[in-house]
Amino acid sequence: MYSSTSPGLRYLLRTSIFCGRRSHPNETGVENAKKLEGIMTDVREAINDHVQSSRYYTAAQKLKAKELLESLKMIMGFTEEYRNLTFLQDLHAQYVKHVLTDISPYTCNLNLIIQRISTFHHQRLVTGEPMVIPGLEIPFEPPILDQNALYSIHNGLFYVFPGNMFPLQQDYPVGFKYGFIAWTIGHEMFHGLGLFQDKEEDTLGVTNQTHFQEALKCYEDYFGSSQFCTDEGKTCANGKIKAEEGHCDIESFRVVFSVFKKALQQEDARKKGKRSIEERQRSLFDSPPVEEFFADGSKTFAQEKWFFRGCRCPRVRTSREPTE
Numbered sequence: 001m002y003s004s005t006s007p008g009l010r011y012l013l014r015t016s017i018f019c020g021r022r023s024h025p026n027e028t029g030v031e032n033a034k035k036l037e038g039i040m041t042d043v044r045e046a047i048n049d050h051v052q053s054s055r056y057y058t059a060a061q062k063l064k065a066k067e068l069l070e071s072l073k074m075i076m077g078f079t080e081e082y083r084n085l086t087f088l089q090d091l092h093a094q095y096v097k098h099v100l101t102d103i104s105p106y107t108c109n110l111n112l113i114i115q116r117i118s119t120f121h122h123q124r125l126v127t128g129e130p131m132v133i134p135g136l137e138i139p140f141e142p143p144i145l146d147q148n149a150l151y152s153i154h155n156g157l158f159y160v161f162p163g164n165m166f167p168l169q170q171d172y173p174v175g176f177k178y179g180f181i182a183w184t185i186g187h188e189m190f191h192g193l194g195l196f197q198d199k200e201e202d203t204l205g206v207t208n209q210t211h212f213q214e215a216l217k218c219y220e221d222y223f224g225s226s227q228f229c230t231d232e233g234k235t236c237a238n239g240k241i242k243a244e245e246g247h248c249d250i251e252s253f254r255v256v257f258s259v260f261k262k263a264l265q266q267e268d269a270r271k272k273g274k275r276s277i278e279e280r281q282r283s284l285f286d287s288p289p290v291e292e293f294f295a296d297g298s299k300t301f302a303q304e305k306w307f308f309r310g311c312r313c314p315r316v317r318t319s320r321e322p323t324e
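Anchor point for the sequence shown: position 90 equals 90 in UniProt numbering, and the numbering is continuous, going up by one each time.
Source of the hints: derived by calculation from the structure; they are not laboratory data.
For clarity, every value in this text was computed on a predicted model and none was experimentally measured.
A few of these clues could be false.
To be verified - If you anchor each label on the Cβ, the simulated ranges turn out as follows: (1) SER258 / GLU37: 16 to 22 angstroms; (2) ALA59 / ALA93: 53 to 59 angstroms; (3) GLY233 / GLU31: 46 to 52 angstroms.
Virtual Cβ for every residue (Gly too), placed ideally from N, Cα, C.
Hey, can you work out the whole structure from these sequences and the hints?
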């Protein structure tokens, strides 16, 4: 059987199931998960404020939107179970026993090990045990630039993958962190409002209203226009399909940028000794000054520009990959 300190076991434990979650609580990323929850709270409040101040919604619709936002089941990073060190230690012991029993460290058993990892995952899935990523049917976490979050219309589950905690720990500009992470959270929340689902499931009761139909047509025309065609105009996006993603993108830009600007304003007030003790402080994530990202300290992007550079990172694709 593999030793608990063998290179093979250490390699296996670098998978997304256990990486960074099996030692001291301070190393499980709990604080970073809480930072994600702070972003989530700020973005949700900003979306609600946007709805409440809109002239397009009735009082009943505004109340329904508020209730819907508050009812979304949102998991930031990983669930409470996976923030518990005792739970992780027990799970680690089960994992080692299931995967490495009767496997010699001197022979190549990679195929068998992979099969056992998959079996372990599916056994927990079938028996209803807590999963690292609830709602995800594959036994691993996708790369963050391939899929960084999900929203399920079936159970209202909104999940931001653990990989989003990594940028929070890096010395990136705070604008980049808001653009990369907070914008993703806002995007999925707008999916959660269900504006593009079946009209019979129109929770807010707005899809048949003129202003919504006009906005929808605008999105369909814009995202279906020739400027988004690739392969010398031979491959073009379907505007009707892209309208929902485009709506969530743009509305998240607007809302999250306002949250980000509020964070910058609070920091400016703090430096001037005018910080409000009554107002909840938006996070700057211990980011260094933006000037430090250039060797000579002169050619700097403003934080606002770093925000939009961050927005460009999720779902990166090469020109060779197919488009929808």
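Hints, verified against the model:
1. SER258 / GLU37: 16 to 22 angstroms: At 19 angstroms between Cβs, range holds.
2. ALA59 / ALA93: 53 to 59 angstroms: The hinted range 53 to 59 angstroms holds for ALA59 and ALA93, with Cβ atoms some 55 angstroms apart.
3. GLY233 / GLU31: 46 to 52 angstroms: holds (49 angstroms)
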